[in-house]
Amino acid sequence: MDSIKFSNVFLNDSFTVAGPLEKEGQIKDYNLVMDDYYYNEPTFEQAEIKMQRVVIDNLLLRNKYLDSDIDYLLSGDLSNQIGVSNYAAKSYRIPYLGVYSACATFVESLILGARLLDGKTARRAIVIASSHNLTAEKQFRFPVEYGAPKPKTTTFTATGSVGTILSKDQAKVKMEGATVGTVIDKGMKDATHMGAVMAPAAAETLIQHLTDFNRTVDYYDVIVTGDLGSVGTDIFQEYLKRTHGINIKNHMDAATEIYLETQEVYAGASGPIALPLVLFNKVLKNNRFRKILIIGTGSLHSPTLVNQKITIPAIAHAVSLEVLK
Amino acid sequence: MNQDEYKKLVDEITPKENKLKNAIVAFFIGGLIGFVGQVVVTILMTSFEMENVEAYTWLCIFIILFGSVCTALGFFDNLVTKAKAGLIVPTTGFAHSITSAALDYKKEGMITGLGANFFKLAGSVLLYGIIAAFFLSILGVMIYG
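Quick note, the sequences are listed as chains A and B, same order.
Numbers 1 to 325, taken from the numbering used here, label the letters of the first sequence in order.
Numbers 1 to 145, taken from the numbering used here, label the letters of the second sequence in order.
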């Protein structure tokens with residue numbers, strides 16, 4: 001069973017905290033922006049914990065919910081042992097599930113959250129993800145202040161945290177269906193070229209989704225992939241053309257929608273936050289888009305296994321959204 | 001599409017790195033550091049009446065200090081990225097790698113953080129540098145006696 005149809009799940013409110021480089025970029029109206037990477041905390045990791053807490057606090061406050069009104073909290077990030085999400089969750093008396101699926105974390109959490117709401121008792125869940133450029137740099141690459149020359153295919157982990165309230169209460173955005181992807185490994189070993197690692201996973205999940213729901217790509221007003229980057233986007237489109245004969249015109253990659261060309265971010269943004277940043281602050285604010293497919297893409301590598309020279313597996317999950325009139 | 005076909009597709013689309021340009025940038029910036037170093041050594045030898053070996057020791061200390069202070073001030077990583085290998089291969093790169101690791105891990109404790117990760121990047125340089133020096137000095141004794 002790859003695909004699930006939901007009858008009664010809606011995305012209610014959302015809240016975004018964005019980093020200092022993101023606020024200089026293409027999207028201007030985030031809910032909150034950080035002036036620096038520390039966010040008044042002693043370390044970058046603690047800054048990221050604070051980002052998640054600010055998002056959850058605001059979601060609760062804006063909707064006048066208490067902890068007890070939320071049945072589940074699902075969150076994830078890129079830090080070791082998803083420490084950031086775990087430490088943020090301890091501030092709330094909300095049943096918590098930590099999720100890791102690299103940069104596909106947010107979409108995976110959406111699917112899990114919607115499935116939990118299918119049960120009779122649960123009413124609402126908060127789904128949240130975060131990433132912080134400098135915690136990710138330290139975790140996956142080099143020390144923060146180390147200036148290693150990088151190839152053009154490298155992506156730049158976006159800084160921010162986005163959360164949304166999934167609920168059975170009717171709202172403008174309906175979560176209509178989802179497709180859970182399988183892990184795809186096409187033999188790529190280069191962790192500085194994650195677009196090439198993830199592109200086939202995104203394509204295969206898209207095809208699976210279209211087959212299961214008996215749709216064509218034109219059914220959707222826009223298909224938003226997570227963080228393939230500019231090079232990965234070309235590979236994704238070419239892969240679809242060669243393997244399935246699909247010429248995709250309504251495709252948007254979140255990685256290239258966040259920063260300006262003058263900002264030196266190589267192939268674009270990455271991180272679990274890239275897709276929700278663009279989804280909630282750009283795509284859902286555009287009235288032209290009624291039927292939206294989001295595909296979260298994740299490169300499932302760890303620095304240890306990359307050093308052991310094993311090929312990198314990738315995952316992609318898809319969620320279809322409908323904006324109601 | 002199998003793995004080989006996919007690799008071909010990726011290679012077709014992936015933009016090529018301009019290796020020649022990178023090498024030229026590295027050559028001139030690395031060369032500039034060498035030039036400045038030579039000027040410093042000459043000044044030390046003529047104005048401070050130092051011996052050759054002593055002057056080079058002082059130069060090494062200056063370069064490491066320069067690399068470390070610039071790293072700590074926060075702008076050096078951008079320069080190093082732009083200079084390609086030009087600032088990494090000289091001792092500036094060694095100092096840069098140590099200082100950046102130290103800055104990252106100082107908040108995780110003096111022993112478990114800073115101490116344990118100080119040579120995270122520079123460890124390889126030290127280890128293989130020492131091994132190479134060991135064998136080359138044996139070779140040197142064998143040739144020159």
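Warning: the hint list may mix true and false statements.
[Stated by the list, open to error] With a straight-line cut-off of 27 Å between C-alpha atoms, the simulated DSS-like cross-links for lysine-lysine are: (1) A:309 <-> B:19; (2) B:107 <-> A:152; (3) B:21 <-> B:8; (4) B:7 <-> A:152.
These are computed hints drawn from the structure, not numbers from a lab.
Hint numbers not upheld by this structure, sorted from lowest to highest
The structure conflicts with hint 2 only, although it agrees with all the remaining ones.
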